[in-house]
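**Q** Build out the structure end to end from the sequences listed, making use of the hints.
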Amino acid sequence: MSFHLPDGAGDAWWFLDTRMTVKADRTSTGGAYTLLEFAAPQGFGPPRHVHGAEDEAFLVLTGALHVECGDDAFDVAPGGFVFLPRAVPHAFVVSSAEPVRALQITSPGGFEEFVAAVGSRADGPGLPPPSVPDVPRLAAASARFGTDIVGPPLGVAAPPR
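Remember, the numbering used here sits 251 above the position in the sequence shown when you count from 1.
There are no misleading hints in this set.
DMTMM-like cross-link-like pairs, simulated, lysine to aspartate or glutamate; straight-line CA separation at most 25 Å:
#, residue 1, residue 2
1, Lys274, Asp306
2, Lys274, Asp262
3, Lys274, Asp258
4, Lys274, Glu349
5, Lys274, Asp374
6, Lys274, Glu364
7, Lys274, Glu288
Keep in mind that the hints were calculated from the coordinates and are not lab data.
**A** Next up, the structure:
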């Protein structure tokens with residue numbers, strides 16, 4: 252079934268220190284993919300992680316990302332695209348001075364459920380105020396949705412063993 256979402260529409264979530272706006276979800280795409288508009292401040296990056304069930308991709312619109320996936324590293328500027336296959340550890344960091352804005356695609360659909368489980372409804376425009384991650388909530392949602400956290404964010408040293 253076709254559908255249309257006008258500019259500025261979509262469920263917006265504050266997810267960690269990012270804004271994720273759902274443009275297409277599992278239901279609207281027949282399970283094929285989830286499309287999110289992703290915005291994050293300079294220096295933001297999730298912990299290194301592995302998606303067990305989803306491939307992930309970003310098309311950078313403004314700003315820039317430094318991405319590591321397995322043994323590969325990419326600097327992704329506006330107009331650049333990066334594909335991150337499932338089951339391969341990856342992480343990224345916003346490397347530009349300005350916030351990044353990108354389209355994030357995960358396939359198959361359903362990633363919006365993880366965003367909702369970890370995040371909270373955005374209660375205003377723009378990025379959320381800086382916050383400390385709710386690690387137990389992130390860990391529980393990661394386990395529920397088949398994402399393994401396997402290391403710290405890029406630029407953060409792993410704790411000594």
